[in-house]
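Asks: Read top to bottom, the protein sequences are chains A and B. Read in order, the letters of the first sequence are residues 1 to 114 in the numbering used here. Read in order, the letters of the second sequence are residues 115 to 225 in the numbering used here.
Bear in mind the hints are in silico, worked out from the structure with no lab data behind them. All figures in this text were calculated on a predicted structure; none of them were measured in a lab. Backbone N, C-alpha and C define an ideal beta-carbon position, used for all residues, glycine too. No false leads were slipped in.
List of simulated lysine-lysine pairs, DSBU-like, C-alpha gap at most 30 Å:
no., chain 1, residue 1, chain 2, residue 2
1, A, Lys49, B, Lys169
2, B, Lys185, A, Lys49
3, A, Lys58, B, Lys117
4, A, Lys58, A, Lys69
5, B, Lys171, A, Lys49
6, B, Lys132, B, Lys169
Computed Cβ-Cβ distance ranges for the label pairs, DEER-style:
no., chain 1, residue 1, chain 2, residue 2, range
7, A, Leu18, B, Glu183, 44 to 52 Å
8, B, Glu136, A, Pro114, 39 to 47 Å
9, A, Leu46, B, Lys171, 21 to 29 Å
10, B, Asp142, A, Gly16, 40 to 48 Å
11, B, Leu155, A, Lys68, 21 to 29 Å
12, A, Pro114, B, Met168, 45 to 53 Å
13, B, Thr200, A, Gly8, 21 to 29 Å
14, B, Pro153, A, Ala53, 28 to 36 Å
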Amino acid sequence: AQSVTQLGSHVSVSEGALVLLRCNYSSSVPPYLFWYVQYPNQGLQLLLKYTSAATLVKGINGFEAEFKKSETSFHLTKPSAHMSDAAEYFCAVSGGSSASKIIFGSGTRLSIRP
Amino acid sequence: DVKVTQSSRYLVKRTGEKVFLECVQDMDHENMFWYRQDPGLGLRLIYFSYDVKMKEKGDIPEGYSVSREKKERFSLILESASTNQTSMYLCASSEAGTTQYFGPGTRLTVL
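In isolation and in its complexed conformation, chain A is listed as follows:
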């Protein structure tokens, strides 16, 4: 069975500060891992995904995530937060015989302080 845990339902950072959103996964097979972003009143948009190539994955809007198998983690980072980054972020995992299904974490709401 696969699962995802996002640590912290709400994270607040100052504009220009480092953004770190934490995600740990559980999977019995090599996983595919995703980060999605949801802006208010919109659907989910893919930020980046890991599919067993490079462990450091670069996404849109300056975000990146590092796959660490030993820690079963896939944390999302951005060096310098911008006001437009305020949104909800979802980590997700898929893999194995149900490769088309994705299991989502409960989400982390990111707030940016001026």
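Place chain B on chain A using the hints.
Replies: What follows is chain B alone, placed relative to chain A:
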């Protein structure tokens, strides 16, 4: 660009009504999905479909049914709407084993 559209952004229905939520994708994707999103619970899979006329239950199928008569269209049906089905409903599509693309969502309120 992949486009997934949902028939309504906001919908208000009364308890007991039959409700149809429509989703259309324009990329010839095999897979289509219906989720509901509730605060603190993330996205939960209701039903998905791997092909026309094919459907499988997700994690929370109770009170819902689906229909996929054409490849591009996947409908979610609430046979008799209840207040606990007030939620945001998200549709997604994908090729097998790849990224899911989401529609803008339908915020359903059942009074």
